[in-house]
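Protein chains: 4
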Amino acid sequence: MALKTPEQYYESLKDLHPTAYILGEKVENVHEHPLIKHMTASVAKTFEMENDEEGKKYLVTKSDLTDEEASRFLKFYRSPEDLLAKVRMLKFLSHNIGGCYMRCTGMDAINSVGIEAYNCDQKYGTNYWDRLVDFVKFMQKNDYVLFSGVTDVKGDRSKRPSQQTDPDMYLRVVDRNKDGIVVRGAKIHQTGSLCAHWGIIVPTREMREADKDYAVCFAYPMDSENAIYVYGRGTLESRAIEGCDLGNVEFSKFAPMIIFKDLFVPWDKVFLCGEYEYAGNMVRNFGNYHRHSHGGCKCGVGDVLIGAAATAADYNGLPNVSHINNKLAEMLKVTEAIYGCSIAASVEATETPSGIYNVDPVLANTSKLYEGKELAEVIRLMIEIAGGMVADVPSEKDFSNPDIGPLLQKYLKGVDGVSTEDRIRIFRLIEKLAFESRDIVSNIHGAGSPETHRMTILRNANIEAKKKLAKKLAGIKEE
Amino acid sequence: MALKTPEQYYESLKDLHPTAYILGEKVENVHEHPLIKHMTASVAKTFEMENDEEGKKYLVTKSDLTDEEASRFLKFYRSPEDLLAKVRMLKFLSHNIGGCYMRCTGMDAINSVGIEAYNCDQKYGTNYWDRLVDFVKFMQKNDYVLFSGVTDVKGDRSKRPSQQTDPDMYLRVVDRNKDGIVVRGAKIHQTGSLCAHWGIIVPTREMREADKDYAVCFAYPMDSENAIYVYGRGTLESRAIEGCDLGNVEFSKFAPMIIFKDLFVPWDKVFLCGEYEYAGNMVRNFGNYHRHSHGGCKCGVGDVLIGAAATAADYNGLPNVSHINNKLAEMLKVTEAIYGCSIAASVEATETPSGIYNVDPVLANTSKLYEGKELAEVIRLMIEIAGGMVADVPSEKDFSNPDIGPLLQKYLKGVDGVSTEDRIRIFRLIEKLAFESRDIVSNIHGAGSPETHRMTILRNANIEAKKKLAKKLAGIKEE
Amino acid sequence: MALKTPEQYYESLKDLHPTAYILGEKVENVHEHPLIKHMTASVAKTFEMENDEEGKKYLVTKSDLTDEEASRFLKFYRSPEDLLAKVRMLKFLSHNIGGCYMRCTGMDAINSVGIEAYNCDQKYGTNYWDRLVDFVKFMQKNDYVLFSGVTDVKGDRSKRPSQQTDPDMYLRVVDRNKDGIVVRGAKIHQTGSLCAHWGIIVPTREMREADKDYAVCFAYPMDSENAIYVYGRGTLESRAIEGCDLGNVEFSKFAPMIIFKDLFVPWDKVFLCGEYEYAGNMVRNFGNYHRHSHGGCKCGVGDVLIGAAATAADYNGLPNVSHINNKLAEMLKVTEAIYGCSIAASVEATETPSGIYNVDPVLANTSKLYEGKELAEVIRLMIEIAGGMVADVPSEKDFSNPDIGPLLQKYLKGVDGVSTEDRIRIFRLIEKLAFESRDIVSNIHGAGSPETHRMTILRNANIEAKKKLAKKLAGIKEE
Amino acid sequence: MALKTPEQYYESLKDLHPTAYILGEKVENVHEHPLIKHMTASVAKTFEMENDEEGKKYLVTKSDLTDEEASRFLKFYRSPEDLLAKVRMLKFLSHNIGGCYMRCTGMDAINSVGIEAYNCDQKYGTNYWDRLVDFVKFMQKNDYVLFSGVTDVKGDRSKRPSQQTDPDMYLRVVDRNKDGIVVRGAKIHQTGSLCAHWGIIVPTREMREADKDYAVCFAYPMDSENAIYVYGRGTLESRAIEGCDLGNVEFSKFAPMIIFKDLFVPWDKVFLCGEYEYAGNMVRNFGNYHRHSHGGCKCGVGDVLIGAAATAADYNGLPNVSHINNKLAEMLKVTEAIYGCSIAASVEATETPSGIYNVDPVLANTSKLYEGKELAEVIRLMIEIAGGMVADVPSEKDFSNPDIGPLLQKYLKGVDGVSTEDRIRIFRLIEKLAFESRDIVSNIHGAGSPETHRMTILRNANIEAKKKLAKKLAGIKEE
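Chains as they are written, first to last, in my numbering: chain A, 940 to 1418; chain B, 940 to 1418; chain C, 940 to 1418; chain D, 940 to 1418.
Honestly, the hints are just simulated from the structure, not real lab data.
Cβ-Cβ distance ranges computed for the label pairs, FRET-style: (1) D:1261 to C:1164: 42 to 50 Å; (2) C:1356 to D:1106: 16 to 24 Å; (3) C:1207 to B:1417: 50 to 58 Å; (4) A:990 to D:1206: 54 to 62 Å.
What you are looking at is a predicted structure, and each value in this text was computed from that prediction instead of being measured.
Ideal Cβ positions, reconstructed from N, Cα and C, are used throughout, including at glycine.
Please construct the entire structure, taking both the sequences and the accompanying hints into account.
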């Protein structure tokens, strides 16, 4: 097969039977659940785009492994151009979805794992790289959706994995034999994982020798029996459950926790197991790639924020007002910085021994820092422009009530020529964009927290070289 | 009667039968509705505090009208000390409630109306001031809760009231006779109005002669037949409806829209009717007072934000970490500026002809500008400190499920010595503090929008005097 | 004598013969030196104001020690009103001087020393308080100018005083006998010290037992033989030396370093000597008072910044432009926050055992943090409004040149009705306000550095109490 | 000739005899004047780099006109790679010079003029493009330095050129004949113009038909008799004049005003004359190119700021302190955003009919907005890290004084192992970086003022397309 259609994607989900709990109940046909289906729709949209004339340009490429067409979501980054193409693809998709479509985590993971699998093989004679290549070919061939699981639950954050009171606070190998390994632990914030076919599990931090059982990386079929998915509740569930006041009428996001209850993984799907010195770089690579992904994605979402604010201003009767234009310019400043730094991080990428290109870490993390802090101000400005109605407009159900519906129609009208209904829709969209906890918290903590970004920048910025520049200009001779 | 107890307050609500719709349905015992009762509890808490030894110091005063004990919420501001006492009372209450208790709008309204009622009487020989004094005495005597309705729905915002396509987009007098007036229109964002006994309706903007039917101010019993309350939906309804994952376990906020369907108001409750030149000052006074109220209130909430963030850090195993302390200091900087400017606006208050003191408008609006913009950063910092779990922890319902409850208990544990349950509680509180749309949007648009605050500052800051200072220092002679 | 006139002040300076070096040369009549005289003029202006009808209200008070008129600059803070009066006096003076007049350091020092002198006497039976009171009476009687010396040169900042390679990096007692003590060390950034009559020297940090020789506080006549003043060069010297292009045509600032070369101090002028546990609080008190002083002072300067920017806009032909008004509002927001927090820190002052009132440390330091960071943005906005001419307009000397003077007159004209000369004057004032290093660096580091302010806020903000509030609202029971 | 050496450059300056005034005096050998020679040294450094092994990679390219080696400063941008190379060249040079070397204005001008010269020829059959190409070949052949003059003095900024009271407030054609044109007017802020061989004069704004005499573009030899240069005074002149306390020991900047007193220009050096519809695009192109240049340049300077701050921290004894590292990360965040957006603006460049590539205007202006506002915070952070000594350390002259020199050596020592002299040098460099008015004001107003950048972003950002995205996601059907 080449590329999946949305229909084929939906069909393929029917074969998956994950163990999933949502708001206290075990759920069977999970992909149809109202709290899941809007993100499944996001993923399906990516398949629609793989088959769309314009979308194809962004999403489809030639595999470097098989010489056949493949989804960019399953390709190694073989050049700066691949990285540029990724940023542009994600911006394009965010324009069309207005939020998360999840497939970038798997894409970023195969690349970050690939670099270190190759390095590890060189040192230890392991064959992780070949296993990974086989796995990627298999995924490409089926155009499968891959999510990546990185974030452990972490317990006491002042302690390393092996120091925790409960040794399972980071995922670890609890048994191994000739066929494979058994892992235990939990990964949290696993965005969209229930919409995937496979998962690839990556260590969440650097490890030392004492932590070597925690230095494990592998792939598994998402509906393996011993993987339990527990829906993490966000802010706007009731809308999806009631099926009204959605804001973004088609798409949404969820992020369950996954508990690995002694899951068995055969060796051919294991890409690191005990070589602890590669764990840190795996997750650092992933972090840098994923912050780079955010650059494209969140700039795209930023365009939606700006468009929503400008539309609300129009509907309020305030098009082309000086202070609103000034705010739109401030919003653009931030979103373009997020985008621009990701583009630059692609251009300044460097090749690794594996042949995979790594993004420039300083620029990729700079992009993410703007997302982490300044994007919150963009969202605040959107609310400031839109006005107080974002807080508390009545529900679609009130509009349907014959007693008060006509009164609401009358009183919530804005400018002439725009229906009250459309005006309410834009306020609901803004509410969704501003208050969906999974998105907003992801802006801050997704792909690592701001302190991590700062540390990564500092570690990679070569402050010593900058000191030399200053000293030379000041006339200070260094011995 | 002197001061109500919470029980008396709850009892008094039983006599009220407002016309109310919530999520499409007409509701009878509205005060017991899960979406209403948490704010009723907030108001009840103020009555508890009126009867509490420490609370009394903040909430209870002697009436300047009757020489009896009265709630500060029903007192005229007769001195800078009254204004200081208000700020401190609101900070104290926010500490105990963590959000809105609504009674400040009525308090601010009787003062802002009072100043102009007096001025109008002086010019036109009306007797609005006496009517207002009688009304306030009546309210004090019964220790009633008063909300104030200011914000009209506004239609096309580029047009004045009398220019709107639909003349009802601002509340207006549609009829008048010897007994009273009939009003039509709608007020939106009427925080907590269903928890009050009476409402006082104030014009939302300055008016010109053509708008004189819109220059109307009056009080009405909240359950008047022709006042229809429509619940405005916010972000976290499902929690209150399900009764779990509340975050703030006792208190919350709602803000319905009120439609005045030809409501009759007798003359003795009318405090302005047609004298359009006082409309602007009424709402400007109200705005300044209410921004000043926010200064106390939101600094109090800010202390809760800071406390929640610091608790989350402790529970994550990260007490006394340098970068977290740095963030806490940034949070304090903003919340103390909000508070400090409100305190200063009290100290620099000036007396009006009515004997009521007006706050310093520059300082009061400065306080609100920090709330409008920088408080969003305080909230973002809270999330940054707390970590990703704010986004999507599983529900209490999942914890109750025998299959997965124990696993969640195990895997969501933080530092030793703190139960998983308490850790989840703090994340839920943070979610509530960060994502309750009624609160967050109120930070920005409550008591007027930031552009209004900026204009008020500019108008009152005496830029001309500052130019003179600069010119003199520069050696520029002015003729 | 009661209060000095400017003439008396100038006369009194003639009796002072300090050892002073400026740009490499020993200078005899230092008060007439072009780099000194503009600050002497600032101090003289304060005496003018003590004798001015309006100024008197701000600057003159009744001594609490002698019941006679005294300058506020020499008074103990006996009430919150004294602290409010200080803030307002400083704002008033900054309006008239546009920069530093220096007398606040002495005022803040006698109060901060007073609190701890009293405390020390209570514990150790010393008589520092009485000595200090006598000294203050003496100063009041003569209406002398007092500066305070706090900041040591500090050497290696990671080490305590007693750990330094060179023991003189903090000022210390090197000898003592029955008549007095001998001190050695250096104080830097001693703003305006050459314009004073006396200095009061205060420890710069907390001390431990090993540092007890460094725990010393005393007063000395500024022209003592063993005190050497070395002018610290700033950015705009050439203007003062050439006597043109001054910007602020009358007033300026300087800040020499003072080297104490084994200075003898008699016991009656010693206010601490070895009781190391009071050193920290002395400087902390001083820091808090002086940050509070900055609140009044820099808000006053801020008004000049705003006035200068608005005047430049007028002169450029851009009065009442939307984006400029928006920037003026942002400038006001910051300057009013600086002021408001200082006012609030006065209102919330607390009495110490000595009867002197201490400012609220959280609010005083909050004020200073806004000065330290956001005032830089106010200055940047001033430049943004004024335009590029701030960078590089030709000199007054060019205007006087007959060849090019007329051409400059022609080409540097702005709006009709304003002379080219006045337009240039305002650009020069803006240059002075934006680029005088002594002022700009003082905004950041004066009265301690921002990290100190943050630490002071954190230490005083009672985070534990805030945690309790959050826990209670979240439903967390604490045992 | 191919490329000039620094010696050849200095030699070539001897043939130039411009009419120049500095601080009121006419100056003959202007290139040796202490206020000029440090910038001449900067330009000479670029020639050194053209002949340096590493520098060559950045500065030397093959001419697209002659197939010979040429300086990048004289090349048309024929591809995104040319634009990337420009950004990297400027960053490299700023690393080595720490400030302005001026040659980018000429480079940006030939490209911005080229695009419109070509367009104009297509419409009107003029031959501006060929003239320009000939001029550029001539410049390349001689490796001449070209500055560009854009900013007129502007008079009343609310009026268009033809509306000014004095018609000369914008440069204009006052006469024309078969040989050429005569121009009158003045250009201000002409950075480094006295170090160039030729100037290219570009309109400063869009023009309408009434302004067509102002729509003029031409080149002229910098020492033409009727061009008068008047030095614009900045903040730190005395250092250069005295030859000490320089900070940046070799390099500096100046920016005179140039008065064109009826200068004659032959037709072959005229590139626009009256075709007013191209004036606006010429300066808009220039603005976008030059903001893009700032991206490389100021990121390079930013690295020096960061290096200077980090060195000062080391010398103060505070290496690797948490809060300082945090500040360094904040500084990097801004400088990398400035750089990243310029890199991205290169990658997203588009070809014009002339074959010259135009940068992406949104990204180029975003870069400049960060320079205009956030770079000021980077500078403030540098001062915050370095400490108060930036304000007012004594002069080198004091260190040379035998009485106090040894005392200063003793007392201004920082950490062991670093000489007092080197410590002072770094404070002086920081002073220069923070307080040189020509640099700081250029950060804000260079290449246009922030409002221009905002307007350019808004005009090019396609808000309408963003509205459509939002509407689609909200479910709003557009007809």
